[in-house]
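Trainee: So you can see what is in the structure, the chains are spelled out below.
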Amino acid sequence: MATQQSRSAARLMMAPAVILLLGWMLVPLTMTLWFSFRKYLPLRGGDLGWAGFDNYTRFIGSSSFWPSVQATLVIVGGVLIITVVLGIILALLLDQPMWGQGVVRILVIAPFFVMPTVSALVWKNMFMDPVNGLFAYVWKFFGAAPVEWLSQASMQSIIMIVSWQWLPFATLILLTAVQSLDSEQLEAAEMDGASFMSRFWYLILPHLARAITIVVLIQTIFLLSIFAEIFVTTGGAFGTKTLSYLIFQRVLESQNVGLGSAGGVYAIILANIVAIFLMRIVGKNLDA
Amino acid sequence: MGSITLSKVSKSFGDVEVIPPLDLEINDGEFVVFVGPSGCGKSTLLRLIAGLEDLTSGAISIDGADATNASPAKRGLAMVFQSYALYPHMSVRKNINFPLKMAGMDQAEADKRINAAAKVLNLTDYLDRRPGQLSGGQRQRVAIGRAIVREPSAFLFDEPLSNLDAALRVNMRLEICDLHKTLATTMIYVTHDQVEAMTMADKIVVLHDGYIEQVGSPLELYESPVNKFVAGFIGSPKMNFVTGPSAQKRNADSIGIRPEHIDVSSESGEWEGVVGVSEHLGSDTFLHVKLADGGMINVRASGDLKVKYGEKIFMSPQEERIHRFDPQGLTI
Chain A
1117 MATQQSRSAA RLMMAPAVIL LLGWMLVPLT MTLWFSFRKY LPLRGGDLGW
1167 AGFDNYTRFI GSSSFWPSVQ ATLVIVGGVL IITVVLGIIL ALLLDQPMWG
1217 QGVVRILVIA PFFVMPTVSA LVWKNMFMDP VNGLFAYVWK FFGAAPVEWL
1267 SQASMQSIIM IVSWQWLPFA TLILLTAVQS LDSEQLEAAE MDGASFMSRF
1317 WYLILPHLAR AITIVVLIQT IFLLSIFAEI FVTTGGAFGT KTLSYLIFQR
1367 VLESQNVGLG SAGGVYAIIL ANIVAIFLMR IVGKNLDA
Chain B
3 MGSITLSKVS KSFGDVEVIP PLDLEINDGE FVVFVGPSGC GKSTLLRLIA
53 GLEDLTSGAI SIDGADATNA SPAKRGLAMV FQSYALYPHM SVRKNINFPL
103 KMAGMDQAEA DKRINAAAKV LNLTDYLDRR PGQLSGGQRQ RVAIGRAIVR
153 EPSAFLFDEP LSNLDAALRV NMRLEICDLH KTLATTMIYV THDQVEAMTM
203 ADKIVVLHDG YIEQVGSPLE LYESPVNKFV AGFIGSPKMN FVTGPSAQKR
253 NADSIGIRPE HIDVSSESGE WEGVVGVSEH LGSDTFLHVK LADGGMINVR
303 ASGDLKVKYG EKIFMSPQEE RIHRFDPQGL TI
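Residue numbers (the numbering used here), protein chains in the order written: chain A, 1117 to 1404; chain B, 3 to 334.
If we strip away everything but chain B, and leave its shape as in the complex, we get (with noise of 0.2 Å):
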């Protein structure tokens, strides 16, 4: 049980309307990501949902049943933060069982959870410690037991992989994935990186100036995306923009086309370029080529492909993969 539904919500700071009405709807056991930019209001709307913020107006309904009023411990979620926020003069055991303890559990039954959920989160080895004793990745993995432990309705993740390595980074995506499909629980997950949203989710919701963009699954969002934002901040490396001839021979006022879907060849193309830094990651190539007018074509090319730096190529779009704008920036 985990559906939640937003009407018409929205959140003024002051004079500041952080986040203009909007509606949503989460589907039980759903792996929601909110994406956007740093400043875009997906966090706000996350502390909304949890309770953390009062909504200036709108409704939340959770299960069917109105929480726009209740208190954050009343709405039967669980939250991670970013800064994991364990209690730092509590060992990891007396973490993971305050809300218990608080809920006022049986001292037995909560012994039995958090055995569980320290076995789920490889925690057993470190129930007697300190927060301060442990590594990042560690801490996190309380952070995600303490939540779990309460059997919510649906998690809350707060950007929770920002304070970590890019290598723990993946282990833990796999683990919070992992473990969503074991609970099959409904997730909300809040991050800026697109990279963290097209993996794990099972629906993007794409944020800008508090605004929803757009609502998909990850290949809808990198397929088809309804308008030049999206298109631009879904996808990595970014998809390159495109005005002026090329695109009115497409009638459109701009085209975009990615850095993968661009064919290179020595002798002919639709665009002419210098190549400027190529980086070889083996696998792929990624090329900054610099075209005559000045702009800047990314490409993806394949990994075994030499060129030098300074070196004249041709470039050609493919032309089923071209999305074309209208002057909003909307896509046609």
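Next comes chain A alone, as it looks inside the complex (with noise of 0.2 Å):
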């Protein structure tokens, strides 16, 4: 164990970084909380005094409100499904051995290096457009009707963009899980006269519980807040308005910077009621 003088040094040496870290979240809380209170808008008069709860009672009459929580959580709870699911089924495929493995595995990860903005203009012009979009032509060529794909399935692209960009992060971590997984379990359980999908659900999933739990929390800390895929696609327009995208509204389209803040402080709420949620349904899975 550490001595009293070691434990001191510690807590010396730490403190910068804790500083630190405290100031750069405590800091920007403060001044939400702060700013939530106040009636202040920027190009109307500046700070104009005290608003009580006005903020707070106005953000969540709004007529936008409900329809944007709903939103955020289709969008994080779809991404989560797909990302997961396709995630397990990608890492089982690239653990076995084949040719070119280095190559593919560097493919696979590839969308992730790409930036949100990026990736988004991409699938919207080059894929989903309805005129020059490749999902036009094989629509057009089976003879269909070529989808308009950002208005009419709003939802389901936004999620389809998404999940593009987080499937290789939910596949490298599952990867690296089920390479951890000791062979001669499988071999044993084949003994045992277990079918595939008998040791997929008795062996390979529980195992890789863990690694699904991360992947869901650390997907669901930045699912919460997405931006970037809906400003340059939608524009929050055809029901894809989630919370983060309302706040930007209520800050910068309506210059009130009072409701924004507002409204994320109901953004800190949400996510704390949805990490509750999580941390009892998963959370279990990170002890043992």
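Hints are computed from structural coordinates only; laboratory data are not their basis. For each residue, glycine too, the CB sits at the ideal point set by N, CA and C. Do not rely on the hints blindly, as some may be mistaken.
Straight-line alpha carbon distances no greater than 20 Å define the calculated DMTMM-like cross-link-like pairs of lysine to aspartate or glutamate that follow [what the hints assert, rightly or not]:
1. 96(B) with 1163(A)
2. 96(B) with 1300(A)
3. 114(B) with 153(B)
4. 205(B) with 32(B)
5. 251(B) with 274(B)
6. 76(B) with 1303(A)
7. 76(B) with 1211(A)
8. 292(B) with 313(B)
Okay, the calculated beta carbon distance ranges per label pair [what the hints assert, rightly or not]:
9. 113(B) with 1385(A): 45 to 53 Å
10. 1394(A) with 105(B): 34 to 42 Å
11. 1394(A) with 106(B): 32 to 40 Å
12. 1344(A) with 164(B): 52 to 60 Å
13. 1135(A) with 41(B): 23 to 31 Å
14. 1213(A) with 41(B): 21 to 29 Å
15. 1314(A) with 65(B): 23 to 31 Å
16. 1197(A) with 118(B): 38 to 46 Å
17. 127(B) with 1197(A): 41 to 49 Å
18. 41(B) with 1314(A): 29 to 37 Å
19. 1385(A) with 106(B): 45 to 53 Å
Some chain B residues judged to face chain A by a derived CB distance under 8 Å, without partners named [what the hints assert, rightly or not]:
20. 74
21. 87
22. 104
Dock chain one against chain two, each of which comes alone in its own frame, and use the hints as you go.
Mentor: Following this line, the structure appears as structure tokens:
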């Protein structure tokens, strides 16, 4: 165990990092809280004084609030389901020995390196464009009328784009987990008469539980604040306005910092509710 | 029921032939031990029998029925792995239940078998624990339990004791032998430890570079090894090999004599040497004796022999215990 001296030395050494991180987090949080109680309209007079809970009641009372919460949760849930399911399948496939394994693995990871804005634009213009997009050609080839993806199936399109971006992350984490499974266990199960599906269900899936938990938790953190993909594709139209997009609109388009800050506080609350649910459902996989 | 016949079985990984074609007959109820230095192909041979590896050529039949291309589950064999390969997220009960569940057995019958196995293996108090909460020996017994509930026609053990400490190893050795006597089922046991082979086997198969060097009972191998490799591998401490005049005198290229078959004297003998390290075990004393020509002879003398480092002694081999080898290393 550490001695008294090494413990106080450790505290001293860690202090700068802790203080910096704390400041980094606390300053914006305090400012958000502060502004959320002010009537603050940058282009229409600036800080116009104390507003009480006005901003909070107005934000939650807006007709866009509950749909935006719903949109956020649908996108998060949809992307999580797609990335975890496809991630497991891809991880199992990539674990098989095959020719050109290294190249294939790099290709699989590649989408993760593309900036969200860029990948959303590529999807919007090259795949989903109803006139020039690749999908439009495929549809026309089979004699069907091209789908106007971003307006007719806007939610599905956004989920598809975001899933494409996050699939590599899930695959990578799950692949390392698959590789760490003891092959003797699988052989023992094979001798015990387990078919591939039983081996998957009774051995591989329980083994992956921890990795799946990590994928779900980390992705949720990032997906709750998803913004760029919506900004460059639908601009929040066609029912794809998420909570973070609504806050953006309130602050920048309506130039109402106070109202937006109140929305930010609601976003924090939503994130915490989601976090509590997630920890209840999957958190137990992290101990043991 | 559990006779296994290998005919012309061979295995190659790419261009490397790990096991050249070999034949082997394992009778029902026998305890067969595959022994050999690491990399001799003994584990591969076991995995071929288990069905975890495909044969390159040849045929395997179990109980007279061809099983060359049968899946591992269809062969009716059970295997205990070196790492035990227990399922970490399942309790001991579920681990043992797993093969029965996969076979679709009625749960009441399965529970009966699990409880019986747990009783035999002293696991009754641990049935609801996870493998991670058990000691090495207990995990080993769970792995054996998982194998016996299936009532297989033969058990395959892949170096099952190598992860245990020395005392536990001796214990488990006895338990496995006991189990073999109670169940009277064929057991095939792979080990690199010739002591395990000697103490447990009805029949030892000595493997070297994929070839079967000799098959026989422990005492047959000890008393009449067919070649130098078997002679040196079986027995502890190792047999001494001597070339030169003493070998030529006996019309051989080299002779072998076990440390326990050498008489020590302070006055006269065939060989003269200087005592190096002597290991006093109480019951015996192992002497490492340096000969004048630089060779070493290991001698096993009685425990009360008092010799000092650097002392000069004389040794003579017991004539009837000498093994003679030709230049190819075969016994004459």
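Trainee: All the hints need checking, so say for each whether the structure fits it.
Mentor: Status of each hint after checking the structure:
no., hint, in the structure
1, 96(B) with 1163(A), "violated (67 Å)"
2, 96(B) with 1300(A), "holds (18 Å)"
3, 114(B) with 153(B), "holds (13 Å)"
4, 205(B) with 32(B), "holds (7 Å)"
5, 251(B) with 274(B), "holds (17 Å)"
6, 76(B) with 1303(A), "holds (14 Å)"
7, 76(B) with 1211(A), "violated (26 Å)"
8, 292(B) with 313(B), "holds (10 Å)"
9, 113(B) with 1385(A): 45 to 53 Å, "holds (50 Å)"
10, 1394(A) with 105(B): 34 to 42 Å, "holds (38 Å)"
11, 1394(A) with 106(B): 32 to 40 Å, "holds (37 Å)"
12, 1344(A) with 164(B): 52 to 60 Å, "holds (56 Å)"
13, 1135(A) with 41(B): 23 to 31 Å, "violated (58 Å)"
14, 1213(A) with 41(B): 21 to 29 Å, "holds (22 Å)"
15, 1314(A) with 65(B): 23 to 31 Å, "holds (26 Å)"
16, 1197(A) with 118(B): 38 to 46 Å, "holds (45 Å)"
17, 127(B) with 1197(A): 41 to 49 Å, "holds (43 Å)"
18, 41(B) with 1314(A): 29 to 37 Å, "holds (34 Å)"
19, 1385(A) with 106(B): 45 to 53 Å, "holds (50 Å)"
20, 74, "holds (5 Å)"
21, 87, "holds (4 Å)"
22, 104, "holds (4 Å)"
Comparing the model with each numbered hint stated earlier shows that hints 1, 7 and 13 do not hold.
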